[in-house]
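Undergrad: Using the sequences and the hints, build the whole thing.
Protein chains in written order, with this note's numbering: chain A, 1 to 472; chain B, 1001 to 1387.
What the hints contain is simulated information worked out from the structure, not anything from laboratory work. Ideal Cβ placement from N, Cα and C applies to all residues, glycine included. It cannot be assumed that every hint is accurate.
[Claimed, not checked] Covered stretches of chain B (in silico footprint by chain A; criterion: 3 or more residues with CB under 8 Å from a CB of chain A, positions within the stretch not fixed):
| hint | region |
| --- | --- |
| 1 | 1021-1027 |
| 2 | 1033-1045 |
| 3 | 1087-1095 |
| 4 | 1182-1190 |
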Amino acid sequence: MSKDMKIKEIAKRIKDIVGEEYVSDSIDVLLTYSVTASTGFDSYMPDLVVRPRTTEEVAEIVKLANEYKVPIIPRGGGTGLQAEALARRGGIIIDLTRMNEVLDLNEENLSVTVEAGITFGKLDKILMEKGLWFPIYPESSLSATVAGNVAVNGAGPGSALYGCTGEQVLGLKVVLPTGEIITTGSMANPNSPGHYLRYAFGPDLTGLFIGSLGAFGIITEVALKIYKRPEEFKYVTYGFEEAKGAMEFLRQLLLHNISVLHACIYEGDILAFFIDFLGEEYGIPQIEWPPYVVSLTIGGRKDIVEHDYELMESIVARIGGRNLDVPQFPKGEWTDRMRVYAKASYMHPYYWRILYHHAPIMRWDKAAKAIREVLDKHGLMGHTSGLMSGRSYNFYPHLYFEVEDEEAFEKVKEAHAELASKLLEIGCVPFKLAPYWVGELKKLKEYYGFLRRIKQFLDPNNIMNPGVFLED
Amino acid sequence: MEEVEEIISELLMCRRCGLCRDPVDIEHGIDGACPVWKNSTGFETDFARGKIQIALALLQGKLELSPEVAKNLYRCTLCNNCGTICPAELEVSQLFEKVREFVSSKILVSEKHAAIVESIEKYGNPYLTPSDKRFEWLGEELSKMPTEAETVYFVGCTTSLRTPEIGKATMKILSSANVDFTILKDEWCCGSILLRIGFREKAVETAEKVVKAIENTGAKTVITSCAGCFRALKYDYPEILGDTSFEVLHTTQFLDKLLKEGKIELNTLPEHMKVTYHDPCHLGRHGLVYEEPRDVLKQISNLELVEMTPNRQFSLCCGAGGGLKLLEGELAVKIGSEKIKKVSGMKVDALVSACPFCKYNFVEAINKEKTNLKVYDVVELVAKTIK
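TA: Pasting the structure below:
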């Protein structure tokens, strides 16, 4: 059977599953799914796009894809910056944004179970009505989906205290590459009164899917921990003369369990960049900035915030930093947490590649230096932006190039690969599978071999987002 | 038409973040953006990010232009809610108008477009209605209108031919305030719809006609009922024709002025009424008129104004704009119904707007939803209480 005929036949059968209006193979629709927010990657035309409504529909589609041995690519908000949801080998894109409801707001267990395609913004709205809170706001909270963010194991404001998104996951519903549906965590027991424990029945199967980019299955439901919304915030900006001081400060925050929701180290260009683009909007005064600036928000119960602030001030005094008296900086970051990154990322005219990774807190300086060196060596513009995420620093350096400048794009790709290699040498790690890490990952022979064996076992036809294991 | 290359460069500034789909940020008053995406099958083609990709492919010659493909670009109310939230600060609705101009210069997207272009040329309105029907609602009054006056009340096609009660209310208020005004006996379509659907040259012709008619009256001020006419006369005309000799105000702005200057006094509403206000896109987001309609409503005693969320710059479109009602009438009403359902849940007596086209669409939506909700224009409520 020719490929075209095969796709026509699959389309016909999928229409019976989801209804005619939610399947498309028309050229205009396919074109719009050939790209995501990944401006630093080529576009790839899929063969078919489908918008299922239920987990069962997803499972039926996956079974069909196995029968025809056609790749399937799960897609959330299409906000990924690293070619996560591109049909690099063609195939069927499963757009999960139609599945966007809260299924169980469980105040007894303090968990919320949502469908894959709900955005963080919509979830926040629903929790807010009850004074409840999911504490992490990924950079693209207004367009990213919860399952998509679990699949990339993202982070954002809130992560300083609560870690990356994966750390807040209690359980998942997943359609396996062969079409079976499993629920992980305590809800694997059908008698469980909702999700309340991730580590049920032994090994952490939930973890297998976090950061997997859908290579091991399609996440259709996510259960998250929820909390009471913070009643008090304190916004503080500290200055340090040396990187060591800023890093030690973050370490001390962890050591003393300070309720820091969001903390970023700014230096040089990225500081100037932030102030240039957002300083006026956030009312940040013009001051003589020290070489290293930590902008942070603490939040939670009033008594704890007050106490933590006092403690933090004494820590800073001890390690040689100073309060810069610029609360506007972190206040702008925090109150605009759902849009600040999008604003900073799109106010300028460049396209970019990003190199998300985690660095050990005390190696922030080494990672930042590596980024700067690679940028300088290749004559590129970029930055060393990131945020504290639990015990690590989540960097998201951008490497810019001008739109449609092929030469610069090639340069960025080269620099990107070099930087990935350098960062691993320093001891940094990626937090998800991504094409440009594959080359590096292959050097970790046993580890990579184990991953591939899992993939092969779960997905014998290699249909589930196979692009994840393709090199850049 | 702007050079194709320039439009392409602007479109390429979309870095595809997707905030234009369905952003929710309650702390900042944002609860959705694209009414079309929410009320259609929801593929990428149904909101700005995908439409921009299609526009780019068409302009770059990578996708063959056909009415079917072009319809993606017309399945949009041009409400520009997405443009307001766009972190790259793209003027999405303006860009789409330019792309539509390109499309319309190459192919006829729909016979409906041809029909309204012809109707405007022949009758001066897009409703395929002979010109002499335009002011039937005015009866004898029309012949009493002076040829010269300080102020022109530009009634607009929709007010005259779909919601004449708004015209009557406006006339009542202007007369009671002793405003020296007239209306244009040979009033012609302002051309807004032509600009929205990409017939710029035709719009220039009609705009010239309108400006000449206004200038013949010697008026210094023009007031419009329709938010679309307001946008066209105030913002589009200077761009396509250069400066005009008159000031353009929306009725709510003019009323607000009259009230603040004490030129009209209002009685109490006979019965208490709780209302919420819908910001028309052309008046609010495009014209930045947010407070005057509210200030006018607040002057009416026994009337309680409550705000819906979102409102003002993030207000959701009624569904009728941008030529959508013309091309996909059912979708336009479906979008209106979504808002009607939401407003019904607020337990208000009425939804108040300041645009006849919004009202027209909402009335259809109410009939479809079979609710008891009433829809008024601001001027209708004021006319009810005029002393």
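Undergrad: Next, verify each hint and record whether it holds.
TA: Hint-by-hint comparison with the structure:
no., hint, result
1, 1021-1027, "holds (count 7)"
2, 1033-1045, "holds (count 5)"
3, 1087-1095, "holds (count 3)"
4, 1182-1190, "violated (count 0)"
When the structure is compared with the earlier hints, a violation turns up for hint 4 alone.
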